[in-house]
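Q: Sequence:
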Amino acid sequence: MSLKVLNPNAEVLNKSHALHMNINAAKGLQDVLKTNLGPKGTIKMLVGGAGDIKITKDGNTLLKEMQIQSPTAIMIARTAVAQDDTSGDGTTSTVIFIGELMKQSERYIDEGMHPRVLVDGFEIAKRATLQFLEKFKTPVVMGDEPDKEILKMVARTTLRTKLYEALADQLTDIVVNSVLCIRKPEEPIDLFMVEIMHMRHKFDVDTRLGAGAFEVAARQYLVNEVKKTVQGRAQLGVEAFADALLVVPKILAENSGLDTQDVIIELTGEHDKGNAGLNLHTGEPIDPQMEGIFDNYSVKRQIINSGPVIASQLLLVDEVIRAGRNMRKPN
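For the sequence shown, the positions run 59 to 389 when my numbering is used.
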């Protein structure tokens, strides 16, 4: 009401309308990109105004090329693109994680819970997950002769999410050899010395187990250990964060034509026996380390850092104001 006094022509969405607009926009963007995730993900065809066509499953390319109108979706897209600029990967995962945090929050908010309670729980869960990630990672010793096989595993895992498997395997050796050729001990890699292919600094420092193994392990850690140490209703925020982590193995399973519920039950059951990842061909649990499936540590750390921050900001929005409208009445 006070804003209408200041500017009668302003467009305003209040409280629950603003919150649900943000939640729906996050879920909508997630639905667009989630089918691209993983080696079994599908691809999108982008058709420009001049008739130019691009076929890609790269989240960064899609977000830059799509004409997004929703202000909430634009904010999420900018965060995801910044993730790619910083870490070199993880654009799709960032969008999916933010969307899932909003989706998990919606059911609690619809039951009358204040968003601030969830945000407090998100912050606790984020700090705990980052600490768990430090223990979960597999350091790669970078001496004069780096472990080339580990680097190939990391490169292969990433490339298979963007290219056909056969082509990704061919490019793996080329990518790793290119980076090692220009690498100088104790110095950052000068990426401008690599033509055509663009790599990112810290690609060759730390890795973590892939195939959804980290997400399953982190979720179990949050639910079984961290949640018990949290007082009050912030526990529900921790639980929502933990459930949101499972979106990665769920979508990997869904894109592979597998039953998501059966997969999650099997992965969580096998977690106590070791590092349980998902075999996308059979749906059976595997040990990613034995299969040579590694994700980039710095990419995952950035996703865990940025995702809850954006989701928390969107949850705390209680008014959306379309700024820039003139005070004068229209003619």
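Treat the hints as calculated values from the structure; they're not laboratory data.
For each residue, glycine too, the CB sits at the ideal point set by N, CA and C.
Fair warning: there could be bad hints in the mix.
[Claimed, not checked] Each computed DSS-like pair below joins lysine-lysine, with the alpha-carbon atoms no more than 25 Å apart:
#1 LYS85 with LYS98
#2 LYS85 with LYS193
#3 LYS184 with LYS115
#4 LYS98 with LYS112
#5 LYS115 with LYS102
#6 LYS193 with LYS102
#7 LYS102 with LYS161
#8 LYS115 with LYS98
#9 LYS161 with LYS112
#10 LYS184 with LYS286
#11 LYS112 with LYS122
#12 LYS161 with LYS286
#13 LYS193 with LYS161
#14 LYS98 with LYS122
#15 LYS184 with LYS102
#16 LYS122 with LYS85
#17 LYS112 with LYS102
[Said to hold, decoys possible] Pair by pair, the computed Cβ-Cβ distance ranges are:
#18 LEU188 with VAL105: 36 to 46 Å
#19 ARG185 with MET124: 45 to 55 Å
#20 ILE379 with LYS85: 20 to 30 Å
#21 GLU342 with HIS75: 43 to 53 Å
Q: Work down the list of hints and note, for each, if the structure agrees.
A: A quick look at each hint next to the structure:
| no. | hint | verdict |
| --- | --- | --- |
| 1 | LYS85 with LYS98 | holds, 21 Å |
| 2 | LYS85 with LYS193 | violated, 31 Å |
| 3 | LYS184 with LYS115 | violated, 28 Å |
| 4 | LYS98 with LYS112 | holds, 19 Å |
| 5 | LYS115 with LYS102 | holds, 6 Å |
| 6 | LYS193 with LYS102 | violated, 37 Å |
| 7 | LYS102 with LYS161 | holds, 24 Å |
| 8 | LYS115 with LYS98 | holds, 11 Å |
| 9 | LYS161 with LYS112 | violated, 30 Å |
| 10 | LYS184 with LYS286 | holds, 15 Å |
| 11 | LYS112 with LYS122 | holds, 12 Å |
| 12 | LYS161 with LYS286 | holds, 23 Å |
| 13 | LYS193 with LYS161 | violated, 29 Å |
| 14 | LYS98 with LYS122 | holds, 23 Å |
| 15 | LYS184 with LYS102 | violated, 32 Å |
| 16 | LYS122 with LYS85 | holds, 18 Å |
| 17 | LYS112 with LYS102 | holds, 8 Å |
| 18 | LEU188 with VAL105: 36 to 46 Å | holds, 40 Å |
| 19 | ARG185 with MET124: 45 to 55 Å | violated, 33 Å |
| 20 | ILE379 with LYS85: 20 to 30 Å | holds, 23 Å |
| 21 | GLU342 with HIS75: 43 to 53 Å | holds, 45 Å |
The structure shown violates the earlier hints numbered 2, 3, 6, 9, 13, 15 and 19.
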